[in-house]
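What follows is the residue order along each chain.
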Amino acid sequence: MPEAIARLDDVSVRFGDRVVLQNCSLEIAEGAITCIIGMSGAGKSTILRLLDGLLKPDSGHVYLHENDICHMRESQLIEMRTKIGFAFQFAALFDSMTVGENVSLPLREHTSLSEKEIFDIAMHTLDGVGLAHTYHNMPAELSGGMLKRAGFARAVVTNPEMVLYDEPTTGVDPIVTHLLTDTIKRLRKQLNATAVVISHDLQSIYMMADYVAMLFEGAIIASGPVDEVRKSANPIVQQFLQGSEVGPIPL
Amino acid sequence: MAQVLREVEDSQAAQAVERVSIGALASIGRKVSDIFEYAGGLTLLMWETAKTIFRLRIRFAETLNQCYLLGYQSLIIVLLTSLFTGMVFSLESAVQAVQYGFGSFVGGIVSYTNVRELGPMLTAVVVAGRVCAAIAAELGSMEVTEQIEALQSLGLAPVRFLVVPRLLALMIMLPLLTIFADVIGVLGGQWIAHAQAHIGYQDFMSSARQTVGFLDVVKGLFKSFIFGIVIAMIGAYQGLTTKGGAAGVGKAATSAVVTCIILIFILNFVMSYFLYAGA
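Protein sequence lines correspond, in order, to chains Y and W. To convert, note that position 61 of the first sequence is 61 in this note's numbering; the numbers rise steadily by one, no gaps. To convert, note that position 222 of the second sequence is 222 in this note's numbering; the numbers rise steadily by one, no gaps.
Just so you know, these hints were derived from the structure itself, not from any lab. The structure presented is a predicted model; accordingly, all values stated were derived computationally and were not measured. Positions of the beta carbon are idealized from the N, C-alpha and C atoms, including for glycine. Do not take every clue at face value.
Stated by the list, open to error - Partial selection, computed: residues in chain Y whose CB lies under 7 Å from chain W:
#1 D52
#2 L54
#3 R81
#4 F86
#5 A92
#6 F94
#7 T98
#8 E109
To be verified - Straight line, CA to CA, 30 Å or less: simulated DSSO-like cross-link-like pairs of lysine-lysine:
#9 K243(W) to K83(Y)
#10 K56(Y) to K31(W)
#11 K231(Y) to K83(Y)
#12 K231(Y) to K185(Y)
#13 K185(Y) to K83(Y)
#14 K231(Y) to K116(Y)
#15 K51(W) to K219(W)
#16 K243(W) to K56(Y)
#17 K56(Y) to K219(W)
#18 K56(Y) to K83(Y)
#19 K243(W) to K31(W)
#20 K231(Y) to K31(W)
#21 K251(W) to K31(W)
#22 K189(Y) to K231(Y)
#23 K116(Y) to K83(Y)
#24 K243(W) to K51(W)
#25 K185(Y) to K116(Y)
#26 K51(W) to K83(Y)
Stated by the list, open to error - These stretches of chain W come out as covered by chain Y in the derived footprint (C-beta under 8 Å, 3 or more residues):
#27 155 to 164
#28 204 to 215
Based on the provided sequences and hints, a complete structural model is requested.
So this is what it looks like as structure tokens:
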């Protein structure tokens, strides 16, 4: 396994009385696509928020390049987040701005590029996800799949070191699922960036993932290269991968 | 046997009373805790906003845009409300005043009340109804659709991006709207005083000039400035703490308007008490 770009070390998170993560440890391999799988509500999205510093753990540490982001000041977190792209489950585009303005926003706020340069980069990035023609459209005019791709474009427009994808294939048809999976793979290659993907779609995980980690009851119970995890003897992993109702996972 | 049964019944009744008392205490405790949580959260948001403003990290174009949306677009409703309030106030006072021989004071009474109390308060209440709900609903819907988190993930501070422009816009525009409200309220009052009680335009104005000083106008505008801060901060805080989808957005908007209007009334009394003490 390549060197880890990010690491969760013994992290626990609870929301009220509900324990979401309990002494959870995970390493994200640099330059690879790591998919995190697990039951709905298992805390997969919480891991992405921890990696982006949007959430602080109740205990444990989160490291990016060996820097503990749990103890960073807000200004340091803002600086760190410019190196991380986040593609949200429902895209979370700003609905008062056009698609182009959404994609241009990080460049406009964090760089001193001219308007012409910003336009060119945003257009090029949108072209990379097949949406150059939607530059002047409002997000409400786009379909679900297009919104997700526009969200990808906004997440990668600053050439981040790591891109976090929260359920990119949820709620779209199989063809768009294939397209989105392909886009994630292509963007990873183009940017040479690490990708962390939350997904329930096993087909697309097998298509794109280098590494898989399975989250169950607040902890990672299996992680490693895709083939290794697929062959895992853990009955919980096998039940999840087979989508079977029969097994140790309580329904 | 009957004795034992009575004792059991007594003990059950005592337990029930104890449960109700504890329940009532717990409910009061929760309410008090909620109030402190609200006040603490609001104070932190205000502190964060003040820091951003003092560091001059201001988005000027967005602030201008908010001046137009929150201020300019409230002008008609503020003018209408103030006009009719000034007119009704004059209608109620002018005829009576003339009957008792105080007709020459009507201009002063109408202007004095308008500039010191009615203008700033009515403008704030009308703008709160329109704008505070809008701010809470807009930010609330951004919160529930993850747009606030998206801003943070892009390395942008929601306070600088969303709260500061709205706050500055209201701090500038509410006093301006109040000036318009003062003027139109007095003019409406003057017209009705003339039409209903035959008080001359000149008499009305000279009475107004004698009664209302420059400091009265400034104090009224100071109140508006504070009301502007209240409207922006309550709307923003309610919006940013919205939870629970569309229903949560509706609740945030309603709660923002109610809280804001109550605070405006309380603060108006407190400010009048201190600003006009001895006047």
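message: Flag every earlier hint the structure violates by its number, smallest first.
response: Hints 7, 11, 14, 17, 20, 28 contradicted; others consistent.
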